[in-house]
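Each residue of the sequence shown is one higher than the one before, counting from 0 in numbering that gives the first Met the number 0.
Worth double-checking, as some hints may not be accurate.
[Stated by the list, open to error] Each computed DSS-like pair below joins lysine-lysine, with the alpha-carbon atoms no more than 27 Å apart:
| no. | residue 1 | residue 2 |
| --- | --- | --- |
| 1 | LYS347 | LYS357 |
| 2 | LYS297 | LYS84 |
| 3 | LYS297 | LYS215 |
| 4 | LYS237 | LYS282 |
| 5 | LYS281 | LYS237 |
| 6 | LYS297 | LYS347 |
| 7 | LYS319 | LYS357 |
| 8 | LYS278 | LYS237 |
| 9 | LYS315 | LYS355 |
| 10 | LYS43 | LYS237 |
FYI, nobody ran anything at the bench for these hints, they're computed from the structure.
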Amino acid sequence: MAKSYSPAFVSLFLLALSSCQNLEQISIDYLQAADLSFPPQLRKVAIVNNTSNAPDNKLITQSDKIKENSPIVSRATAYVNGDTKVATEALAEEIAHQNYFDEVVICDSALRANDKLPRESILSQEEVRKLASDLEVDLIIALENLQLKATKTIRYLDEFNCFQGAVDVKAYPTVRIYLPERSRPMNTLHPNDSIFWEEFGASAVEAATHMIPDKKMLQEAAEFAGTIPVKYIVPMWKKGTRYLYTGGSVPMRDAAVYVRENSWDDAYELWRQAFEGTKSEKKKMRAALNIAVYYEMKDSLSQAQEWAEKAQQLAKKIEKKNVSENMHATINDVPNYYLTSLYLAELKERNSQLAKLKMQMSRFNDDF
(Lines of atoms letter the chains of each structure in order from A and count residues from 1; the text may use other names and numbers.)
(Lines give C-alpha, C1' and ligand atoms only; values in the text may rest on other atoms or scores of the structure.)
Protein backbone atom coordinates (compact mmCIF):
# COMPACT_ATOMS: atom_id res chain seq x y z
CA MET A 1 0.00 0.00 0.00
CA ALA A 2 1.36 3.42 -0.96
CA LYS A 3 1.90 5.92 1.81
CA SER A 4 1.53 9.68 1.67
CA TYR A 5 2.96 12.15 4.16
CA SER A 6 1.69 15.58 5.10
CA PRO A 7 3.91 18.64 4.44
CA ALA A 8 4.16 19.19 8.21
CA PHE A 9 5.42 15.64 8.75
CA VAL A 10 7.95 16.00 5.93
CA SER A 11 9.23 19.27 7.42
CA LEU A 12 9.63 17.72 10.87
CA PHE A 13 11.38 14.70 9.37
CA LEU A 14 13.84 16.84 7.41
CA LEU A 15 14.56 18.98 10.46
CA ALA A 16 15.27 15.82 12.48
CA LEU A 17 17.43 14.47 9.67
CA SER A 18 19.43 17.69 9.47
CA SER A 19 20.11 17.61 13.20
CA CYS A 20 21.78 14.19 13.06
CA GLN A 21 23.41 14.08 9.61
CA ASN A 22 25.29 17.38 9.25
CA LEU A 23 22.72 18.84 6.88
CA GLU A 24 22.40 22.56 6.31
CA GLN A 25 19.34 24.36 4.95
CA ILE A 26 19.59 27.05 2.28
CA SER A 27 16.86 29.02 0.51
CA ILE A 28 16.45 29.29 -3.24
CA ASP A 29 14.16 31.56 -5.26
CA TYR A 30 13.05 30.42 -8.69
CA LEU A 31 10.44 31.32 -11.27
CA GLN A 32 7.53 28.92 -11.61
CA ALA A 33 5.53 28.66 -14.84
CA ALA A 34 1.84 29.58 -14.84
CA ASP A 35 -0.90 27.24 -16.03
CA LEU A 36 -1.97 29.73 -18.69
CA SER A 37 0.13 31.23 -21.48
CA PHE A 38 -0.55 34.48 -23.30
CA PRO A 39 0.82 35.62 -26.68
CA PRO A 40 3.55 38.27 -26.33
CA GLN A 41 1.36 40.91 -28.00
CA LEU A 42 -1.08 40.86 -25.06
CA ARG A 43 0.70 43.43 -22.91
CA LYS A 44 -2.05 45.47 -21.25
CA VAL A 45 -4.64 43.88 -18.96
CA ALA A 46 -7.65 45.13 -17.03
CA ILE A 47 -8.77 43.49 -13.79
CA VAL A 48 -12.52 43.98 -13.36
CA ASN A 49 -15.14 43.16 -10.75
CA ASN A 50 -17.92 41.36 -12.61
CA THR A 51 -20.17 40.61 -9.63
CA SER A 52 -23.46 41.81 -8.23
CA ASN A 53 -23.64 43.68 -4.96
CA ALA A 54 -24.98 41.25 -2.33
CA PRO A 55 -27.78 43.08 -0.47
CA ASP A 56 -27.61 40.93 2.68
CA ASN A 57 -24.17 39.46 3.12
CA LYS A 58 -24.14 38.05 6.64
CA LEU A 59 -22.34 35.03 8.01
CA ILE A 60 -24.67 32.03 7.95
CA THR A 61 -23.43 29.95 10.88
CA GLN A 62 -24.09 26.31 11.65
CA SER A 63 -22.79 24.75 14.90
CA ASP A 64 -21.46 21.20 14.81
CA LYS A 65 -22.39 18.53 17.33
CA ILE A 66 -19.34 17.63 19.43
CA LYS A 67 -18.65 14.05 20.51
CA GLU A 68 -18.24 13.26 24.18
CA ASN A 69 -14.67 13.19 25.54
CA SER A 70 -13.45 15.08 22.49
CA PRO A 71 -10.73 17.72 22.93
CA ILE A 72 -12.88 19.95 20.72
CA VAL A 73 -15.03 22.24 22.86
CA SER A 74 -16.99 23.87 20.04
CA ARG A 75 -16.93 24.12 16.28
CA ALA A 76 -19.07 26.17 13.92
CA THR A 77 -19.01 26.63 10.17
CA ALA A 78 -20.18 29.77 8.38
CA TYR A 79 -20.71 30.54 4.70
CA VAL A 80 -20.60 34.00 3.19
CA ASN A 81 -20.06 35.89 -0.06
CA GLY A 82 -16.62 37.52 0.07
CA ASP A 83 -15.97 41.21 -0.52
CA THR A 84 -15.27 41.20 -4.26
CA LYS A 85 -14.14 44.83 -4.33
CA VAL A 86 -11.33 44.03 -1.87
CA ALA A 87 -10.51 40.79 -3.70
CA THR A 88 -10.37 42.53 -7.10
CA GLU A 89 -7.97 45.14 -5.75
CA ALA A 90 -5.76 42.39 -4.28
CA LEU A 91 -5.85 40.45 -7.58
CA ALA A 92 -4.80 43.53 -9.56
CA GLU A 93 -2.08 44.45 -7.09
CA GLU A 94 -0.57 40.95 -7.06
CA ILE A 95 -0.60 40.63 -10.87
CA ALA A 96 1.01 44.06 -11.20
CA HIS A 97 3.62 43.03 -8.61
CA GLN A 98 4.79 40.17 -10.84
CA ASN A 99 5.77 42.64 -13.63
CA TYR A 100 4.57 40.24 -16.33
CA PHE A 101 2.24 42.63 -18.20
CA ASP A 102 3.34 46.09 -19.30
CA GLU A 103 0.30 47.71 -17.72
CA VAL A 104 -2.36 46.58 -15.24
CA VAL A 105 -5.58 48.61 -15.01
CA ILE A 106 -8.19 48.02 -12.30
CA CYS A 107 -11.95 48.48 -12.45
CA ASP A 108 -13.07 47.34 -8.98
CA SER A 109 -16.60 48.80 -9.09
CA ALA A 110 -19.06 45.96 -9.65
CA LEU A 111 -20.18 45.90 -13.28
CA ARG A 112 -23.41 44.21 -12.15
CA ALA A 113 -24.00 46.67 -9.28
CA ASN A 114 -27.50 47.54 -10.53
CA ASP A 115 -28.71 43.94 -10.58
CA LYS A 116 -31.88 43.43 -8.56
CA LEU A 117 -30.76 39.92 -7.60
CA PRO A 118 -27.19 38.65 -7.21
CA ARG A 119 -26.05 36.60 -10.18
CA GLU A 120 -22.97 35.13 -11.77
CA SER A 121 -22.99 36.11 -15.44
CA ILE A 122 -20.23 36.04 -18.02
CA LEU A 123 -19.40 39.17 -19.97
CA SER A 124 -20.76 39.33 -23.50
CA GLN A 125 -18.35 39.91 -26.36
CA GLU A 126 -19.84 43.38 -26.79
CA GLU A 127 -19.16 44.18 -23.10
CA VAL A 128 -15.61 42.87 -23.41
CA ARG A 129 -14.92 44.92 -26.52
CA LYS A 130 -16.30 48.08 -24.91
CA LEU A 131 -14.32 47.53 -21.70
CA ALA A 132 -11.12 46.82 -23.61
CA SER A 133 -11.63 49.94 -25.73
CA ASP A 134 -12.57 52.21 -22.82
CA LEU A 135 -9.70 50.97 -20.65
CA GLU A 136 -7.26 50.70 -23.58
CA VAL A 137 -6.22 47.13 -22.79
CA ASP A 138 -5.65 43.88 -24.70
CA LEU A 139 -7.48 41.47 -22.40
CA ILE A 140 -9.84 41.38 -19.43
CA ILE A 141 -9.43 39.34 -16.25
CA ALA A 142 -12.72 39.33 -14.34
CA LEU A 143 -13.48 38.25 -10.79
CA GLU A 144 -16.98 36.81 -11.09
CA ASN A 145 -17.70 35.16 -7.77
CA LEU A 146 -16.20 34.73 -4.32
CA GLN A 147 -17.47 32.28 -1.73
CA LEU A 148 -15.94 31.87 1.74
CA LYS A 149 -16.29 28.98 4.16
CA ALA A 150 -15.14 29.84 7.69
CA THR A 151 -14.67 27.19 10.37
CA LYS A 152 -14.19 28.34 13.97
CA THR A 153 -12.92 25.78 16.46
CA ILE A 154 -12.14 25.88 20.18
CA ARG A 155 -10.14 22.87 21.39
CA TYR A 156 -8.25 21.89 24.51
CA LEU A 157 -4.54 21.15 23.99
CA ASP A 158 -3.72 18.64 26.68
CA GLU A 159 0.04 18.70 26.05
CA PHE A 160 0.14 22.47 26.66
CA ASN A 161 -2.68 22.67 29.24
CA CYS A 162 -4.38 25.50 27.36
CA PHE A 163 -7.16 26.18 24.86
CA GLN A 164 -6.70 27.02 21.20
CA GLY A 165 -9.10 29.18 19.24
CA ALA A 166 -8.68 28.72 15.49
CA VAL A 167 -10.33 30.16 12.40
CA ASP A 168 -9.79 28.41 9.07
CA VAL A 169 -11.26 30.13 6.01
CA LYS A 170 -11.40 28.41 2.65
CA ALA A 171 -11.81 30.84 -0.26
CA TYR A 172 -13.37 29.90 -3.61
CA PRO A 173 -12.89 32.69 -6.19
CA THR A 174 -14.12 32.35 -9.78
CA VAL A 175 -12.06 34.18 -12.41
CA ARG A 176 -12.56 34.34 -16.16
CA ILE A 177 -10.17 35.52 -18.88
CA TYR A 178 -11.65 37.42 -21.84
CA LEU A 179 -10.24 38.49 -25.21
CA PRO A 180 -12.13 41.05 -27.34
CA GLU A 181 -11.98 38.83 -30.45
CA ARG A 182 -13.54 35.81 -28.70
CA SER A 183 -17.26 35.27 -28.17
CA ARG A 184 -16.66 33.09 -25.10
CA PRO A 185 -14.18 33.36 -22.19
CA MET A 186 -10.65 32.20 -23.03
CA ASN A 187 -10.47 30.36 -19.70
CA THR A 188 -12.34 29.93 -16.43
CA LEU A 189 -10.50 29.37 -13.15
CA HIS A 190 -12.01 27.87 -9.98
CA PRO A 191 -9.02 27.73 -7.62
CA ASN A 192 -9.29 27.50 -3.85
CA ASP A 193 -6.99 27.86 -0.87
CA SER A 194 -7.13 28.38 2.89
CA ILE A 195 -5.99 31.03 5.33
CA PHE A 196 -5.65 30.31 9.05
CA TRP A 197 -5.54 32.25 12.34
CA GLU A 198 -5.10 30.92 15.87
CA GLU A 199 -5.05 32.29 19.42
CA PHE A 200 -4.60 30.68 22.84
CA GLY A 201 -6.04 31.13 26.32
CA ALA A 202 -6.20 29.59 29.76
CA SER A 203 -9.92 28.95 29.26
CA ALA A 204 -12.21 28.33 26.30
CA VAL A 205 -13.80 31.74 26.85
CA GLU A 206 -10.41 33.48 26.87
CA ALA A 207 -9.33 31.71 23.67
CA ALA A 208 -12.61 32.65 21.98
CA THR A 209 -12.25 36.27 23.09
CA HIS A 210 -8.82 36.54 21.51
CA MET A 211 -9.93 35.12 18.12
CA ILE A 212 -9.85 37.41 15.11
CA PRO A 213 -13.02 39.55 14.83
CA ASP A 214 -15.38 38.64 11.99
CA LYS A 215 -14.98 41.99 10.22
CA LYS A 216 -11.18 41.73 10.16
CA MET A 217 -11.34 38.05 9.22
CA LEU A 218 -13.57 38.75 6.21
CA GLN A 219 -11.35 41.65 5.11
CA GLU A 220 -8.14 39.60 5.27
CA ALA A 221 -9.81 36.55 3.71
CA ALA A 222 -10.99 38.64 0.75
CA GLU A 223 -7.50 40.09 0.28
CA PHE A 224 -6.05 36.57 0.39
CA ALA A 225 -8.69 35.26 -2.04
CA GLY A 226 -7.64 37.84 -4.63
CA THR A 227 -4.10 36.46 -4.65
CA ILE A 228 -5.11 32.79 -5.13
CA PRO A 229 -5.64 32.82 -8.94
CA VAL A 230 -2.41 34.70 -9.73
CA LYS A 231 -0.12 31.66 -9.93
CA TYR A 232 -2.43 30.20 -12.59
CA ILE A 233 -2.26 33.36 -14.70
CA VAL A 234 1.34 34.63 -14.59
CA PRO A 235 4.74 33.13 -13.72
CA MET A 236 5.58 33.69 -10.05
CA TRP A 237 8.68 33.57 -7.92
CA LYS A 238 8.68 30.65 -5.50
CA LYS A 239 10.86 30.22 -2.42
CA GLY A 240 12.20 26.73 -1.86
CA THR A 241 14.38 25.00 0.72
CA ARG A 242 17.41 22.93 -0.24
CA TYR A 243 19.66 20.74 1.91
CA LEU A 244 23.44 20.40 1.72
CA TYR A 245 25.57 17.75 3.40
CA THR A 246 28.29 19.56 5.35
CA GLY A 247 30.17 16.80 7.19
CA GLY A 248 32.09 13.59 6.63
CA SER A 249 35.39 15.04 5.46
CA VAL A 250 37.51 18.18 5.51
CA PRO A 251 36.62 19.17 1.89
CA MET A 252 32.89 18.91 2.71
CA ARG A 253 33.30 21.14 5.77
CA ASP A 254 35.43 23.64 3.83
CA ALA A 255 32.88 23.68 1.02
CA ALA A 256 30.17 24.59 3.53
CA VAL A 257 32.21 27.66 4.48
CA TYR A 258 32.43 28.66 0.82
CA VAL A 259 28.63 28.34 0.49
CA ARG A 260 28.12 30.68 3.45
CA GLU A 261 30.42 33.14 1.66
CA ASN A 262 28.41 32.66 -1.56
CA SER A 263 31.49 31.22 -3.31
CA TRP A 264 29.62 28.43 -5.07
CA ASP A 265 32.26 27.69 -7.70
CA ASP A 266 34.89 27.09 -5.00
CA ALA A 267 32.45 24.85 -3.12
CA TYR A 268 31.75 22.89 -6.31
CA GLU A 269 35.45 22.15 -6.81
CA LEU A 270 35.69 20.65 -3.33
CA TRP A 271 32.51 18.59 -3.81
CA ARG A 272 33.82 17.28 -7.13
CA GLN A 273 37.11 16.31 -5.46
CA ALA A 274 35.18 14.62 -2.65
CA PHE A 275 33.09 12.67 -5.15
CA GLU A 276 36.03 11.54 -7.29
CA GLY A 277 38.47 10.94 -4.43
CA THR A 278 36.56 8.37 -2.38
CA LYS A 279 35.26 4.83 -2.75
CA SER A 280 32.70 5.33 0.02
CA GLU A 281 29.21 5.28 -1.48
CA LYS A 282 27.87 7.38 1.39
CA LYS A 283 30.46 10.12 0.80
CA LYS A 284 29.83 9.99 -2.95
CA MET A 285 26.09 10.30 -2.35
CA ARG A 286 26.52 13.37 -0.17
CA ALA A 287 28.85 15.07 -2.65
CA ALA A 288 26.54 14.22 -5.57
CA LEU A 289 23.52 15.81 -3.90
CA ASN A 290 25.51 18.96 -3.15
CA ILE A 291 26.70 19.14 -6.76
CA ALA A 292 23.06 18.85 -7.89
CA VAL A 293 22.16 21.85 -5.73
CA TYR A 294 25.15 23.74 -7.19
CA TYR A 295 23.91 23.22 -10.74
CA GLU A 296 20.38 24.25 -9.75
CA MET A 297 21.75 27.46 -8.26
CA LYS A 298 23.45 28.01 -11.64
CA ASP A 299 20.12 27.36 -13.45
CA SER A 300 21.60 24.27 -15.15
CA LEU A 301 18.57 22.12 -14.40
CA SER A 302 19.42 19.17 -16.66
CA GLN A 303 22.83 18.76 -14.98
CA ALA A 304 21.23 19.24 -11.56
CA GLN A 305 18.78 16.43 -12.32
CA GLU A 306 21.62 14.19 -13.56
CA TRP A 307 23.54 14.59 -10.30
CA ALA A 308 20.40 14.22 -8.17
CA GLU A 309 19.73 10.89 -9.91
CA LYS A 310 23.29 9.77 -9.04
CA ALA A 311 22.70 10.75 -5.41
CA GLN A 312 19.38 8.90 -5.32
CA GLN A 313 20.84 5.69 -6.76
CA LEU A 314 23.73 5.77 -4.29
CA ALA A 315 21.33 6.36 -1.38
CA LYS A 316 19.23 3.44 -2.60
CA LYS A 317 22.25 1.13 -2.56
CA ILE A 318 23.36 2.35 0.87
CA GLU A 319 19.96 1.87 2.50
CA LYS A 320 18.79 -1.20 0.58
CA LYS A 321 19.81 -3.42 3.51
CA ASN A 322 17.50 -1.49 5.84
CA VAL A 323 14.56 -2.26 3.57
CA SER A 324 15.44 -5.87 2.75
CA GLU A 325 15.75 -6.74 6.44
CA ASN A 326 12.59 -4.90 7.48
CA MET A 327 9.31 -5.61 5.71
CA HIS A 328 7.79 -2.64 7.57
CA ALA A 329 10.52 -0.17 6.65
CA THR A 330 9.52 3.43 7.18
CA ILE A 331 10.78 6.81 6.12
CA ASN A 332 13.19 6.74 9.07
CA ASP A 333 14.88 3.63 7.69
CA VAL A 334 15.74 5.28 4.38
CA PRO A 335 16.30 8.98 5.23
CA ASN A 336 18.92 9.66 2.56
CA TYR A 337 16.94 7.91 -0.16
CA TYR A 338 13.85 9.84 0.88
CA LEU A 339 15.68 13.18 0.89
CA THR A 340 17.31 12.60 -2.51
CA SER A 341 14.01 11.36 -3.98
CA LEU A 342 12.13 14.45 -2.79
CA TYR A 343 14.73 16.69 -4.33
CA LEU A 344 14.85 14.74 -7.60
CA ALA A 345 11.05 14.95 -7.93
CA GLU A 346 11.18 18.73 -7.51
CA LEU A 347 13.93 19.05 -10.13
CA LYS A 348 11.96 16.91 -12.59
CA GLU A 349 8.93 19.15 -12.07
CA ARG A 350 11.05 22.25 -12.69
CA ASN A 351 12.56 20.68 -15.80
CA SER A 352 9.14 19.73 -17.15
CA GLN A 353 7.99 23.35 -16.79
CA LEU A 354 11.12 24.87 -18.32
CA ALA A 355 9.94 24.97 -21.94
CA LYS A 356 6.59 26.41 -20.87
CA LEU A 357 8.29 29.04 -18.72
CA LYS A 358 10.59 30.09 -21.58
CA MET A 359 7.57 30.49 -23.84
CA GLN A 360 5.74 32.55 -21.20
CA MET A 361 8.78 34.76 -20.73
CA SER A 362 9.37 35.25 -24.46
CA ARG A 363 7.98 38.78 -24.15
CA PHE A 364 11.17 39.57 -22.24
CA ASN A 365 13.58 38.18 -24.84
CA ASP A 366 16.05 40.95 -24.19
CA ASP A 367 16.32 40.08 -20.51
CA PHE A 368 15.49 36.36 -20.23
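Cross-check of the supplied hints:
| no. | hint | in the structure |
| --- | --- | --- |
| 1 | LYS347 / LYS357 | holds, 16 Å |
| 2 | LYS297 / LYS84 | violated, 42 Å |
| 3 | LYS297 / LYS215 | violated, 43 Å |
| 4 | LYS237 / LYS282 | violated, 31 Å |
| 5 | LYS281 / LYS237 | violated, 31 Å |
| 6 | LYS297 / LYS347 | holds, 16 Å |
| 7 | LYS319 / LYS357 | violated, 39 Å |
| 8 | LYS278 / LYS237 | violated, 37 Å |
| 9 | LYS315 / LYS355 | violated, 32 Å |
| 10 | LYS43 / LYS237 | holds, 24 Å |
Consistency with the previously given hints fails for numbers 2, 3, 4, 5, 7, 8 and 9, ordered from lowest to highest.
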